[in-house]
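Asker: Sequence:
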Amino acid sequence: MTTDAFIRLKEAEVHCNINKDSCTICMRFGDKIPFDFVEEVPAVGNAANAAVAAARLGLSSALVSDIGNDDIGKRDIESLARDAVDTTFVSRNADMASNHHYVLWYGDERTILVKHQPYPYRLPEIGEPQWLYLTSLSDHSLPYHQEISRYLKKHPSVKLAFQPGTFQINLGVENLRALYERTDVFICNIEEARRILKTTEKDIEKLFSGMHSLGPKTVLLTDGPRGAYASDGGETWFMPPYPDPKAPVDRTGAGDAFGSTFVSALILGTSVPEALTWAPVNSMSVVQYIGAQKGLLSRAKLEEYLKNAPAEYQPKQLP
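With the working numbering, the residue at position 3 of the sequence shown is 3, and numbering never jumps.
No wet-lab data here; the hints were simulated from the structure.
It should be emphasised that the depicted structure is a prediction, and the values quoted were computed from it without experimental measurement.
Every residue gets a Cβ at the ideal spot worked out from N, C-alpha and C, and that includes glycine.
One thing to keep in mind: the hints can contain errors.
Claimed, not checked - Across the chosen pairs, the derived CB separations fall in these ranges: (1) LYS307 <-> ARG28: 45 to 53 Å; (2) TYR144 <-> SER298: 26 to 34 Å; (3) GLU109 <-> HIS140: 23 to 31 Å.
Claimed, not checked - The calculated lysine-lysine pairs, modelled on DSS-like cross-linking and capped at a C-alpha distance of 30 Å, are: (4) LYS159 <-> LYS316; (5) LYS154 <-> LYS217; (6) LYS316 <-> LYS202; (7) LYS32 <-> LYS20; (8) LYS202 <-> LYS20; (9) LYS246 <-> LYS10; (10) LYS217 <-> LYS206.
Let the sequences and hints guide you as you build the complete structure.
Answerer: Following this line, the structure appears as structure tokens:
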């Protein structure tokens with residue numbers, strides 16, 4: 001969990017390769033660079049975003065995370081409490097700082113400067129919830145993953161949603177094989193799936209086959225503004241994005257909103273294709289605001305968007 005400080009840049013240049021799949025942001029070196037404004041957004045990060053999304057959709061949600069014993073951590077707790085997220089399992093670490101990231105925001109994209117504090121990760125006594133949503137952790141957390149695996153082995157009724165972060169993907173499948181094999185819903189983007197499988201495969205069905213072979217029962221593969229795919233191991237669906245009412249303001253948190261809404265919909269009893277219709281709505285709403293949580297919707301508001309969706313907004317089953 002972190003506080004994001006959004007720094008809205010005025011003067012910068014973006015340079016991309018011919019395919020626009022690799023871009024750099026450039027500013028004058030050694031100069032004073034003017035900016036429009038700074039806005040701080042507390043209590044964000046993959047897991048916190050998922051916890052808030054679930055709570056707003058009507059689920060009972062608690063966050064397992066770490067903060068420092070400082071004012072930033074206090075604001076994080078207060079923010080989560082306003083969204084009815086249970087913070088019982090948020091550990092306050094004395095003499096340590098809370099995470100504070102800096103978002104260089106230009107146009108509708110951003111580059112984030114991150115620093116994760118070396119918290120002494122440990123799994124508190126969380127009881128036996130229906131679901132555990134595991135996502136991004138820092139680069140010293142392998143023993144913590146092993147502890148989580150042991151917990152899941154002792155509690156077979158707890159279902160697992162796994163949305164790996166960069167470090168978890170870099171760890172490789174072998175280090176986290178027990179988690180992959182235990183996963184009920186796995187979430188990543190298409191490029192991340194290729195990295196996990198160590199392949200350049202373009203065929204979506206072959207990517208799904210590879211991901212299912214690692215253990216996950218249901219797999220969600222997102223493809224940015226092009227849409228998303230989901231497979232339950234038997235059938236595969238494609239879902240287009242929900243149309244933006246206006247140009248996106250900031251894309252931070254769009255992926256978290258998509259994945260956590262998909263899982264929340266399944267928990268609330270929808271089918272996989274129906275959950276696929278929920279996820280793009282929350283993602284569309286999030287990018288209309290600064291930060292990853294302001295645009296997260298209540299269930300009533302999300303269902304209102306679904307009711308007013310264009311006729312072509314439907315999941316398409318792939319042959």
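Asker: Confirm or reject each hint.
Answerer: Going down the list of hints, with the structure as the test:
no.: 1; hint: LYS307 <-> ARG28: 45 to 53 Å; result: 50 Å, holds
no.: 2; hint: TYR144 <-> SER298: 26 to 34 Å; result: 33 Å, holds
no.: 3; hint: GLU109 <-> HIS140: 23 to 31 Å; result: 29 Å, holds
no.: 4; hint: LYS159 <-> LYS316; result: 27 Å, holds
no.: 5; hint: LYS154 <-> LYS217; result: 20 Å, holds
no.: 6; hint: LYS316 <-> LYS202; result: 19 Å, holds
no.: 7; hint: LYS32 <-> LYS20; result: 29 Å, holds
no.: 8; hint: LYS202 <-> LYS20; result: 18 Å, holds
no.: 9; hint: LYS246 <-> LYS10; result: 21 Å, holds
no.: 10; hint: LYS217 <-> LYS206; result: 15 Å, holds
When held up to the earlier numbered hints, the structure conflicts with none and fits them all.
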